[in-house]
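Protein sequences appear in the order of chains S and X.
To convert, count from 1 in the first sequence and add 53; that's the numbering used here.
To convert, count from 1 in the second sequence and add 53; that's the numbering used here.
Worth flagging that the hints you see were computed from the coordinates, not collected in a lab.
You may find that some hints are simply not true.
Because identical chains cannot be distinguished in the list, a pair is counted as satisfied if it fits within a single copy or across any two copies.
As the list claims (entries may be wrong) - With a straight-line Cα cutoff of 27 angstroms, these simulated DSS-like cross-link-like pairs (lysine-lysine) come out:
| # | residue 1 | residue 2 |
| --- | --- | --- |
| 1 | Lys458 | Lys420 |
| 2 | Lys286 | Lys144 |
| 3 | Lys231 | Lys286 |
| 4 | Lys301 | Lys231 |
| 5 | Lys391 | Lys144 |
| 6 | Lys301 | Lys328 |
| 7 | Lys455 | Lys391 |
| 8 | Lys216 | Lys386 |
| 9 | Lys454 | Lys420 |
| 10 | Lys59 | Lys205 |
| 11 | Lys458 | Lys391 |
| 12 | Lys59 | Lys178 |
| 13 | Lys193 | Lys450 |
| 14 | Lys132 | Lys144 |
| 15 | Lys200 | Lys454 |
| 16 | Lys337 | Lys231 |
| 17 | Lys327 | Lys458 |
| 18 | Lys286 | Lys200 |
| 19 | Lys193 | Lys299 |
| 20 | Lys420 | Lys299 |
| 21 | Lys450 | Lys129 |
| 22 | Lys386 | Lys286 |
| 23 | Lys458 | Lys75 |
Number of protein chains: 2
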Amino acid sequence: MVEVRKPISVTEAVKRVMANQKNGETELISLFESNGRYLSQSIKATYDVPRFDRSSYDGFAIRSIDTINLSSGKSKSFKVIDEIGAGQVCKRQVGAYEAVRIMTGAMLPSDCDAVVMFEVANEFKDNNQSYIRLNHIIEKGANLSFKGEDIKEGCILVEEGTKINPGIVALLATFGYKSVPVAKKPVIGVFATGTELLEVDEPLEEGKIRNSNAYMVMAQIERAGGIPIYFGKLADVLDESYIAIKEKLSMVDSLITTGGVSVGDYDLLPDIYKKLGATVLFNKIAMRPGSVTTVAHLNGKMLYGLSGNPSACYVGFELFVRPYIRKFLFSKKPHLQKIVATLGEDFLTPNHFTRFFRSTIEFHSDKVFTFPSGLDKSNMVSSLAFANSLTILPGNKEGYKKGDKVEVLLLEDETGSEWP
Amino acid sequence: MVEVRKPISVTEAVKRVMANQKNGETELISLFESNGRYLSQSIKATYDVPRFDRSSYDGFAIRSIDTINLSSGKSKSFKVIDEIGAGQVCKRQVGAYEAVRIMTGAMLPSDCDAVVMFEVANEFKDNNQSYIRLNHIIEKGANLSFKGEDIKEGCILVEEGTKINPGIVALLATFGYKSVPVAKKPVIGVFATGTELLEVDEPLEEGKIRNSNAYMVMAQIERAGGIPIYFGKLADVLDESYIAIKEKLSMVDSLITTGGVSVGDYDLLPDIYKKLGATVLFNKIAMRPGSVTTVAHLNGKMLYGLSGNPSACYVGFELFVRPYIRKFLFSKKPHLQKIVATLGEDFLTPNHFTRFFRSTIEFHSDKVFTFPSGLDKSNMVSSLAFANSLTILPGNKEGYKKGDKVEVLLLEDETGSEWP
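In isolation and in its complexed conformation, chain S is listed as follows (with noise of 0.2 angstroms):
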């Protein structure tokens, strides 16, 4: 007989599964190697920048003062009596209507106060002598940066968990960070079940389909920061998938696999749990596709059963799995980003549990539409492909109309939330 499962809320079953919630380790990795890997540390400022006023332009530094008389017809001559390319320290004393010829970066000579830019400052020679000849006001402070401008000693620049982007990159290199202390990826397993899946390489046999979910899932865990590891197929028996699950486990963080949680007769995976004393957090929750996702812990472990059907698999995955491998890495908003949409489609199939359908957000005038990726019934491979977002229809009897406006997850998105 079927075994009756009492569902719960999406957020009750993603409040249990972060109930068990972990920090990875550190690692030391080369700034070369380190765009794309994740914070496990914050990055503080070891030193002001610039460390040094600096002239932002090629021109010539100056002292302000000398041309607060300055107009059309007024102009004064200034004498060019040192040059400095960026690197480089002016020894010189600047004095009255004197000038240094100064690079972009440079350090502004102490005497200095303003910069004036090659283009306006009417450069001639006089005897092989060098001038420029100013004609108008240059305020204090022109055209430089000043020391401690951009960043202040001692502030923290980037917070632990942050993914390392080429800004970032840039603040590690301008700090002396030659090494970057970074996240551990989480190494997670991935079993498929299920006797009617051929292998990518088998040929196709009458009744049978190619196993998808598992390269599919292993591109999701890449995909949020973690490595993935495929152990092939378990066979439709319990205790040889006991074994290889409990002996696999011991190499990985955590383990996935897909199909088996059905309340089907070939659905071994919850007495496979209970074989291994591992605590089943849910196995039923009130959400379309993917409510049979059931996630179980063992020993520090999770042990996520995702649904067969693709699509179910996919959302189980990224409502669940992801956000456990962020926080392995140190995120502070492990989740999806969620924004507001409007709807760009009619859903009219009253719900009575909360959907997640797999969308396409596009940007139109200043406002963001969400529209169905394909055909969205569950077990929709190629509506997966174009999916860039999941757009969430809390369960209601009237359906939903083109112009609602929808929560909406965001799949390729770095900013994350606190959700739920």
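Add chain X to chain S, keeping to what the hints say.
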């Protein structure tokens, strides 16, 4: 004396770069390694999906015609004559008031045309024979997925140039792509210029700054889909630099230098391009930051002279290098996606040139807003760390006000655009 350069528009500059666009080569890689790579060939469906009508749920396959007279007052028993798991095929003939126990994904027996879910089938046993009892009409096609419903044989599933994501991995697995045709990653060399630069592991020195641009650009190359090679720092000496560039150019698909393109006295790149015999596409653009960005072309390779200023370097890369790399990766939308957003802050300074400021887009209600991601002076490294977009402010006399609608380029998005 100072060379006078005539600025061209950003659009014209992008066009001149893309006039030299070319696709790269194809390589076959394992499906396991394909996530995140770019397809170099379109992928077609080699058969219908599903390949056969199949059950969407665990339940009982029946003939819907046997239920047309049923109602809550008029129920009927169906004899369960066979049982098939996913991957198995029913070999029995199914007659009137007979049913086959069927698992999710299993092929529908040829005599049947609907499935009744376990939950409503009222299963019972009599004399060791299973029966179900139905008391309502089951419509033809209920709880089935039909042959070809998801994907029709022969249709293009995913176009060349698309970045492979987890959903596409699932499609590739479904269609037996054990190896996947992807674009070879272009190899892009990077030189830094400037005696003022210290390497990341050198101690700080008066007047000098750490080289952050080269590391940043390498991360940008990776994000765009290329392979960066760092060639170190060029000396501020013409002959040495010329020889180094000429030698390394043979090892890469394109070459980037940061710094040395201004009209400063130590800016050697213009002379090096001349000596190499490269065609300079432009050396001045009507934009801020990055107006001195110089791009040259030699024997099918691009020579990018990006500004030494970090923000100008960053913007120059995203506008002129990224689309070239993406085209190499077969993309049909190689440029950053351009959307419209509402400006979140005043920008009252008039601009003669088009300004690109580093921005963070935020979603509020169903609208998109853009905010500066830090102090927006062109030397501000910290503003780059949190930028997820570049906001475009075309030159005008009044500046821009909070609430104005402006165009924004998305940095972390795979949608892309055909702009300009």
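Open item on the list: For each hint given before, does the structure comply? Return the numbers of the non-compliant ones in rising order.
Closed with: Of the numbered hints given earlier, those the structure breaks are 5, 10, 15, 16, 17, 19, 20, 21, 22 and 23, listed in rising order.
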